[in-house]
Amino acid sequence: MATRLYVGNLPFSATEEELRTVFGEFGTVEAVELVKDRETGRPRGFGFVQMDAEGAANAIKQMDGKQMGGRALNVNEARERTQGGGGGGRPPRQRRESNW
Numbered sequence: 005m006a007t008r009l010y011v012g013n014l015p016f017s018a019t020e021e022e023l024r025t026v027f028g029e030f031g032t033v034e035a036v037e038l039v040k041d042r043e044t045g046r047p048r049g050f051g052f053v054q055m056d057a058e059g060a061a062n063a064i065k066q067m068d069g070k071q072m073g074g075r076a077l078n079v080n081e082a083r084e085r086t087q088g089g090g091g092g093g094r095p096p097r098q099r100r101e102s103n104w
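So the numbering used here is basically just the index in the sequence shown, starting at one, shifted up by 4.
Everything labelled a hint here was simulated from the structure, so no lab data went into it. Idealized CB from N, CA, C, for every residue including glycine. Incorrect hints may appear among the rest.
As the list claims (entries may be wrong) - Ranges between beta-carbon positions, derived for each pair:
(1) Glu34 with Lys70: 16 to 26 angstroms
(2) Gly12 with Gly45: 31 to 41 angstroms
(3) Met5 with Gly74: 29 to 39 angstroms
Model the full structure from these sequences, guided by the hints.
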């Protein structure tokens, strides 16, 4: 079964091919996704690599904290995305009755 890795703090110049090559040293890479800003199309500095479970475990051990393009990578197993918007944790505003 494949494991999805989160790869953070990527240099903005990183390419999917670079990630495929680097993580390919640890196992079979099935997919690479660099996350880009919806409006500008510019890289957001993180992405995901899907690879075999054994290779993923080795990649986490070897790549977490390793320098790439002058930046220390954050590599760990990706968490499932939770539903919800960016509400900021604030409860919805209550509408007040007017005393006028």
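Honestly, do Gly12 and Gly45 meet the 31 to 41 angstroms range at C-beta? violated (20 angstroms)
Please check whether Met5 and Gly74 have a Cβ separation lying inside 29 to 39 angstroms. holds (34 angstroms)
Starting from the range 16 to 26 angstroms, see whether the pair Glu34 and Lys70 falls in it by beta-carbon distance. holds (21 angstroms)
When the structure is compared with the earlier hints, a violation turns up for hint 2 alone.
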